[in-house]
Amino acid sequence: MSKKIILSMMLIFSFNLLAQTSAPAATGMTKTLVAVKYFSQMMGNVHQNASRYSQVLTTISCNHPVKVYKETSKDGKEFVLYGDNWNFVTVGPYDGYIMAQYLSDKKVTCFEEEYSKFFDGLNLDINDLYYWARLYDQYVQDKSKVRQ
Amino acid sequence: MKTLLLLSFLSLPAFCADPVAAPAKPEEGKDLIDFSSIKDLIKKDGLEDELKKKETEKRVLMDKKKLQDSKKYNVPTSDDFWNIFSELWLVKNATVLKWDFHKPEFELEKSFITMLETQGHYEKKIKILLLDSTEVIHAALPTNDKEYIFLLSLPFIRTLDLSKVEISLILFEDFIRAKNGYMKNYVNSKELEAYLGTNFLGKPFNKKLIDDHLKKYNTVLMEKGFSFQEQFETTTEMDKLLKPDLKMWNTYLTLLEKIDNLTKTNTLYKKYSQIYPSPELQLNWLRPKPTRF
Chain A
1 MSKKIILSMM LIFSFNLLAQ TSAPAATGMT KTLVAVKYFS QMMGNVHQNA SRYSQVLTTI
61 SCNHPVKVYK ETSKDGKEFV LYGDNWNFVT VGPYDGYIMA QYLSDKKVTC FEEEYSKFFD
121 GLNLDINDLY YWARLYDQYV QDKSKVRQ
Chain B
1 MKTLLLLSFL SLPAFCADPV AAPAKPEEGK DLIDFSSIKD LIKKDGLEDE LKKKETEKRV
61 LMDKKKLQDS KKYNVPTSDD FWNIFSELWL VKNATVLKWD FHKPEFELEK SFITMLETQG
121 HYEKKIKILL LDSTEVIHAA LPTNDKEYIF LLSLPFIRTL DLSKVEISLI LFEDFIRAKN
181 GYMKNYVNSK ELEAYLGTNF LGKPFNKKLI DDHLKKYNTV LMEKGFSFQE QFETTTEMDK
241 LLKPDLKMWN TYLTLLEKID NLTKTNTLYK KYSQIYPSPE LQLNWLRPKP TRF
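Top line first, the protein sequences correspond to chains A and B.
Quick note on our numbering: the first sequence kicks off at 1 and runs consecutively.
Quick note on our numbering: the second sequence kicks off at 1 and runs consecutively.
Hints are computed from structural coordinates only; laboratory data are not their basis.
Even glycine gets a Cβ: it sits at the ideal position worked out from N, Cα and C.
You may find that some hints are simply not true.
[Claimed, not checked] Result set (DSSO-like, lysine-lysine): computed pairs, CA atoms no more than 27 Å apart in a straight line:
#, chain 1, residue 1, chain 2, residue 2
1, B, LYS65, A, LYS107
2, A, LYS143, B, LYS98
3, A, LYS117, B, LYS92
4, B, LYS179, A, LYS143
5, A, LYS107, B, LYS64
6, B, LYS184, B, LYS270
7, B, LYS92, A, LYS145
8, A, LYS117, B, LYS215
9, B, LYS103, B, LYS270
10, B, LYS124, A, LYS145
[Unchecked claim] Partial pick of chain A residues on the chain B-facing surface, computed with a CB cut under 7 Å:
#, residue
11, ASN49
12, ASP128
13, ARG134
14, TYR139
[Claimed, not checked] Chain A is nowhere near these chain B residues, computed Cβ spacing over 10 Å in every case:
#, residue
15, MET62
16, ASN74
17, SER78
18, ILE84
19, LYS103
20, LEU160
21, GLN229
22, GLU257
23, ASP260
24, LEU262
25, ILE275
26, ARG287
When you get a sec, could you build the whole thing from the sequences and use the hints?
The following block contains the structure:
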C-alpha cells in the first residue's frame with residue numbers, strides 16, 4: 001500500500017477525533033496568517049495542544065505545507081511561539097500545534113522523495129508510519145554551535 | 001465592367017485547352033518539375049532545421065524524463081542511508097525498546113551540547129531518545145558525522161541517580177564510539193557498501209539485504225556488544241580528552257565506579273559488562289599505575 005493511501009487513511013480516522021475535541025484556538029483570540037511553511041522531517045504529528053504528549057490530530061509527511069498563524073488576544077498580546085517551541089498551525093481541516101524546529105521556510109530535500117522507490121521497497125505499514133511520526137515527538141534535539 | 005471580367009474569365013480555359021499545342025510527353029514533364037530547386041527552397045525556409053531542432057528537443061526531453069524515472073530507483077548514498085536506517089530500526093523495535101512513553105523534561109540535550117562545545121565539536125546535531133526499558137542501556141546509533149542519535153535507558157539513569165554531567169559523560173563516550181564508527185563497521189558489509197549509491201532500475205529491490213542488516217543492530221546492542229580493543233580505545237580517548245579538566249575526569253572515574261558496582265550487584269544490568277567490556281577494566285585502564293619507587 002502506498003504511503004499516500006496510508007496517510008489519507010490516518011487523516012480519515014482522525015476525523016472522528018476532531019469531532020470530539022474543542023477548537024484549539026483560545027476563544028477571544030484572533031488568528032492571522034504569518035507564513036506558509038513546510039514540514040522538514042520524515043513524518044510528524046499535529047497536536048491538539050502545544051505538547052509532545054498532547055492528542056494527535058493528524059500525521060503529515062516531509063514537505064507538507066502548513067499555514068502558521070499568530071494569535072492576538074483582546075489586550076493586543078501576540079503569540080507566535082507557544083511553550084517556546086510550538087507554532088499554531090492549520091493543516092487541512094485541522095487547527096493544531098507543531099514543533100517550530102520541524103518547520104522550514106522553503107521546501108526541503110526529503111528522503112522519501114529523493115529515494116522514492118527505495119522508500120517504497122521498505123514496505124512500511126501504518127504502524128511503522130505512526131511510530132516514525134511519534135519518534136519525532138519523542139526526540140529531544142539540539143545542535144552544537146560556535147558561541148561568541 | 002463586371003460583364004467584361006466574367007467574359008475574360010470564361011475565355012481563359014479556351015486558351016489553356018489549345019488544340020494546336022501537342023500533348024506533353026512524360027519525358028518532357030520530368031524536365032518541367034525541378035525537384036532540386038524545391039529542395040533548395042525548403043532548405044532556404046528553414047523547415048528542415050526546424051524539424052531537426054524539434055526532434056532534438058524531443059530527444060532531450062525524453063532523455064530527461066528517462067533519467068528522472070531512473071533516479072527514483074537510486075539507492076541512498078552512505079551519507080543519506082545511515083540516519084534513516086537507524087531510525088527504521090528504532091521504528092521496527094519501538095515496542096521492545098519502549099521509547100514511546102511520557103517522560104519528564106530533563107533538558108539533557110542542553111548539558112550534552114555544552115560538553116560537545118567544550119570539547120570543540122561544533123555543528124553536530126544531536127537527537128536523544130530516552131527508553132523505558134533496559135534492553136539497551138545507552139548507545140549512539142550509526143549515522144553520518146553531522147547528526148548523532150543517542151539512546152539512553154531511563155531506568156538506568158534513575159537507578160544510578162545520575163547527574164546531568166554524568167549523563168553527558170555517558171553520551172560523550174557513545175559519541176566517541178560513533179565517531180570512530182565501531183557499530184557502523186560491525187553492521188556494514190561489503191555487500192551493503194556495494195549496494196549503497198547504486199540504482200536498482202530493472203532489478204528487484206533487495207529487501208533481504210536491508211532486513212539482514214537491521215538484525216545486526218540487535219546483535220551488537222543486545223548480545224555481542226563492543227570488543228575489548230574498542231573499549232580500550234574509547235576509554236583512553238576519554239582519558240586524554242578529560243584530563244585537562246580534572247574535576248570532569250574524576251566525575252568520569254566515579255561514574256565508572258558506580259556502573260561497575262551496579263553491574264556486579266543488580267542482575268538486571270548483568271548484560272552491561274558484555275556489551276561494554278567492562279567498567280572494571282575501564283577503571284584499571286584509567287587509574288594511574290603504581291610506580292616502583
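So, going through the hints one by one against the coordinates:
1. For a cut-off of 27 Å, the pair hint linking LYS65 (chain B) to LYS107 (chain A) stands: about 22 Å separates their Cα positions.
2. A hinted pair counts as satisfied when its Cα atoms are at most 27 Å apart, and LYS143 (chain A) with LYS98 (chain B) qualifies at roughly 25 Å.
3. Between LYS117 (chain A) and LYS92 (chain B), the direct Cα distance comes to roughly 20 Å. Compliance with the 27 Å bound is thereby established for this hinted pair.
4. A hinted pair counts as satisfied when its Cα atoms are at most 27 Å apart, and LYS179 (chain B) with LYS143 (chain A) qualifies at roughly 16 Å.
5. Proximity of LYS107 (chain A) to LYS64 (chain B) is assessed by CA-CA distance (about 22 Å); at most 27 Å being required, the pair is judged to hold.
6. Among the hinted pairs, LYS184 (chain B) with LYS270 (chain B) is consistent with the structure: their alpha-carbon atoms are about 25 Å apart, no more than 27 Å.
7. For the suggested pair LYS92 (chain B) and LYS145 (chain A), the alpha carbons sit about 32 Å apart, so the restraint of at most 27 Å is broken.
8. The suggested pairing of LYS117 (chain A) with LYS215 (chain B) holds, with an alpha-carbon distance near 22 Å, which does not exceed 27 Å.
9. As the CA atoms of LYS103 (chain B) and LYS270 (chain B) are separated by approximately 25 Å, the hinted pair is consistent with the 27 Å bound.
10. Between LYS124 (chain B) and LYS145 (chain A), the direct Cα distance comes to roughly 8 Å. Compliance with the 27 Å bound is thereby established for this hinted pair.
11. For ASN49 (chain A), the shortest C-beta to C-beta distance to chain B is roughly 14 Å, which exceeds 7 Å, and the interface hint is violated.
12. The restraint placing ASP128 (chain A) at the interface with chain B holds, with a minimum CB-CB distance near 5 Å, inside the 7 Å limit.
13. Interface restraint check: ARG134 (chain A) against chain B, minimum CB-CB distance 5 Å, threshold 7 Å, status holds.
14. The interface hint given for TYR139 (chain A) is met, as the beta carbon of that residue sits about 4 Å from the closest beta carbon of chain B, less than 7 Å.
15. A cut-off of 10 Å between C-beta atoms confirms that MET62 (chain B) is not in contact with chain A; the least separation is 20 Å.
16. Consistency note on ASN74 (chain B): stated as away from chain A, yet its beta-carbon is not over 10 Å from all of that chain's, at 6 Å minimum.
17. With a closest Cβ-Cβ approach of about 13 Å to chain A, SER78 (chain B) is found to remain outside the 10 Å limit, as its non-interface label requires.
18. Chain A draws ILE84 (chain B) into its interface by the beta-carbon criterion, the shortest separation being 5 Å against a cut-off of 10 Å.
19. A beta-carbon of chain A comes within 10 Å of the beta-carbon of LYS103 (chain B); the shortest separation is about 8 Å.
20. The Cβ of LEU160 (chain B) sits about 20 Å from the closest Cβ of chain A, beyond the 10 Å cut-off, so the non-interface label holds.
21. With a least beta-carbon separation of about 28 Å from chain A, GLN229 (chain B) lies farther than 10 Å from that chain, consistent with its non-interface assignment.
22. For GLU257 (chain B), the non-interface assignment is confirmed: its Cβ lies about 28 Å from the closest Cβ of chain A, beyond the 10 Å cut-off.
23. Look at ASP260 (chain B): its CB is around 28 Å from the nearest CB on chain A, clear of 10 Å, so calling it non-interface holds up.
24. Non-interface status of LEU262 (chain B) relative to chain A is upheld: no Cβ of that chain comes within 10 Å, the nearest being about 24 Å off.
25. Separation of ILE275 (chain B) from chain A is adequate, the least Cβ-Cβ distance of about 23 Å exceeding the 10 Å criterion.
26. Separation of ARG287 (chain B) from chain A is adequate, the least Cβ-Cβ distance of about 31 Å exceeding the 10 Å criterion.
Violated hints for the displayed structure, listed by number in ascending order: 7, 11, 16, 18, 19.
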